[in-house]
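The hints should help you fit chain R onto chain Z, whose structure is shown.
Protein chains: 2
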Amino acid sequence: MSVINGIDFEEIQVDVLKGQHFSPEYIPMRQIPAIVDGHLKLFESHAILIHLSSSFPGVASHWYPVDPSKRAKIHSILDWHHSYLRRGAAGLVSNSILLPLNGIPSNPNIVIQAEEILLRSLSKLENVWLKDERFMGGSTQPSIADLSLACQVMQLELLSEEDYHRILSPYKKVKKWIEDVRSTTKPYFDEIHEYLFESQNGIRELMATQSGKKKKKIHKQTCLQLLAPKIHEIETR
Amino acid sequence: MSVINGIDFEEIQVDVLKGQHFSPEYIPMRQIPAIVDGHLKLFESHAILIHLSSSFPGVASHWYPVDPSKRAKIHSILDWHHSYLRRGAAGLVSNSILLPLNGIPSNPNIVIQAEEILLRSLSKLENVWLKDERFMGGSTQPSIADLSLACQVMQLELLSEEDYHRILSPYKKVKKWIEDVRSTTKPYFDEIHEYLFESQNGIRELMATQSGKKKKKIHKQTCLQLLAPKIHEIETR
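The listed protein sequences correspond, in order, to chains Z and R. Heads up, the first sequence is in the UniProt record's numbering, so the first residue is 1 and it goes up one at a time. Heads up, the second sequence is in the UniProt record's numbering, so the first residue is 1 and it goes up one at a time.
For the record, the hints were derived by calculation from the structure and aren't laboratory data. Treat the hints with care, since some could be wrong.
Keeping only pairs whose Cα atoms sit at most 25 Å apart, straight-line, the calculated SDA-like set for lysine to any residue is [to be verified]: (1) R/Lys70 / Z/Glu11; (2) R/Lys70 / Z/His39; (3) Z/Lys176 / Z/Ser148; (4) R/Lys70 / Z/Pro33; (5) R/Lys173 / R/Phe189; (6) Z/Lys18 / R/Ile117; (7) R/Lys124 / R/Ser148; (8) R/Lys131 / R/Phe189; (9) Z/Lys131 / R/Gln31; (10) Z/Lys70 / R/Ser55; (11) R/Lys18 / Z/Glu116; (12) Z/Lys70 / R/Glu11; (13) Z/Lys186 / Z/Cys151; (14) Z/Lys70 / R/Ile32; (15) Z/Lys41 / Z/Glu10; (16) Z/Lys176 / Z/Glu191; (17) Z/Lys70 / R/Asn5; (18) R/Lys41 / R/Asp15; (19) Z/Lys173 / Z/Met154; (20) Z/Lys70 / R/Val36; (21) R/Lys124 / Z/Ser83; (22) Z/Lys131 / R/Lys41; (23) R/Lys172 / Z/Met29; (24) R/Lys173 / R/Thr140; (25) Z/Lys176 / R/Met29; (26) Z/Lys172 / Z/Tyr84; (27) Z/Lys70 / R/Gln31; (28) R/Lys41 / Z/Ser61; (29) Z/Lys124 / Z/His62; (30) R/Lys41 / R/Glu10; (31) R/Lys18 / R/Val36; (32) R/Lys172 / R/Asp132.
Next up, chain Z with everything else stripped away, as it sits in the complex (with noise of 0.2 Å):
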């Protein structure tokens, strides 16, 4: 068990690749990340991040602010992810990265458009979303909407390192923004995205390989160890 923001909770870890999520527990969405709390069974993470901050009173109020322009900023701020920055920066990393290492080609005008969604996305995020604010909840504290947002923005390190510099470097606020998300909520930023940067240098091995760099074989159980993405149940109370 481990508490924090006055939350008690035991952590699970779930194995997709073995599958775990179709257990009985899982039944009916089989979906995760999913919590239990007390008799509520409750999946998708922005209804999962609401819950916790407005169900738990130990919860400092900058996460999900109660004044309702302010809430109703960050729920308008987590429907946008939906069908844009996560559409686009998920999208990318999907058909450029972790399709054509599971040995599925990817098509080129779905890669682009992804991209071009991507783009426009991170574009809203400097010009609108950050440009007067530190954190997109108006406060000087990070909202439940950095913390899911910037999660989002992390997935990009699994690009090439030249890819990745092309796309985030015109983005100046949106890289500090990553930055102040990291510095706030230290140490768990940084624990949380160990497997991602473990994951990095072999994926990147492994796309410069395919690409034609290097003449290794590619060992699919390898790439599926790699990408096996560290997606956690939390059971609460």
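Here is chain R on its own, set in the frame of chain Z:
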């Protein structure tokens, strides 16, 4: 000005074909639907529904229950909607109807994938959300999740009659639920879908023409006019 659920509002129609959502009022997000409530400018339909039902005391509690577990369930259904039901339904209607009507050939793989996502989503609606409940919020009256998801399913009315019945027929509870949302929100549900049904015949006729059943020349302008979504900005207070 109108008053519904104790909310005074002015409804503003936005013609997206004339690019009215690019006018200065819609900067910086250029998204509709959007509302203005005092100093708050808000976009994203789910965020708007949550704001209206939590900030106006005249709105009955079944729309957005105060109970933490019921509210958490509403949030998880709304989040799930983005990645599943909306992705399947909007993906199928766009790729099998709207793009071809605008002269862009549809990609059969994308259409098949969208239909698969839609069928899986309808199955979750039937066998999980509506298994033992008349509405999704666990009340005898609809919630904002019922409103949003029912309107998404209604978009399938733009498919051919054959496809519509092939896809929807197995889902008896979904069909009954749509009728229940419609009857409990009279006359608004029919009013907002008036334009959809007005477009339905024209679109079905054009699609039949395109598939070679008729030889009539297709005018892109006609088709664009048929597809023009009547989406509104609601100015409140």
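Hint-by-hint comparison with the structure:
no. : hint                : verdict
1   : R/Lys70 / Z/Glu11   : holds (24 Å)
2   : R/Lys70 / Z/His39   : holds (11 Å)
3   : Z/Lys176 / Z/Ser148 : holds (16 Å)
4   : R/Lys70 / Z/Pro33   : holds (19 Å)
5   : R/Lys173 / R/Phe189 : holds (18 Å)
6   : Z/Lys18 / R/Ile117  : holds (23 Å)
7   : R/Lys124 / R/Ser148 : holds (16 Å)
8   : R/Lys131 / R/Phe189 : holds (23 Å)
9   : Z/Lys131 / R/Gln31  : holds (19 Å)
10  : Z/Lys70 / R/Ser55   : holds (12 Å)
11  : R/Lys18 / Z/Glu116  : holds (24 Å)
12  : Z/Lys70 / R/Glu11   : holds (24 Å)
13  : Z/Lys186 / Z/Cys151 : holds (14 Å)
14  : Z/Lys70 / R/Ile32   : holds (20 Å)
15  : Z/Lys41 / Z/Glu10   : holds (14 Å)
16  : Z/Lys176 / Z/Glu191 : holds (19 Å)
17  : Z/Lys70 / R/Asn5    : holds (23 Å)
18  : R/Lys41 / R/Asp15   : holds (19 Å)
19  : Z/Lys173 / Z/Met154 : holds (15 Å)
20  : Z/Lys70 / R/Val36   : holds (14 Å)
21  : R/Lys124 / Z/Ser83  : holds (21 Å)
22  : Z/Lys131 / R/Lys41  : holds (16 Å)
23  : R/Lys172 / Z/Met29  : holds (20 Å)
24  : R/Lys173 / R/Thr140 : holds (15 Å)
25  : Z/Lys176 / R/Met29  : holds (22 Å)
26  : Z/Lys172 / Z/Tyr84  : holds (20 Å)
27  : Z/Lys70 / R/Gln31   : holds (19 Å)
28  : R/Lys41 / Z/Ser61   : holds (22 Å)
29  : Z/Lys124 / Z/His62  : holds (22 Å)
30  : R/Lys41 / R/Glu10   : holds (14 Å)
31  : R/Lys18 / R/Val36   : holds (21 Å)
32  : R/Lys172 / R/Asp132 : holds (13 Å)
The structure meets every hint from the earlier list without exception.
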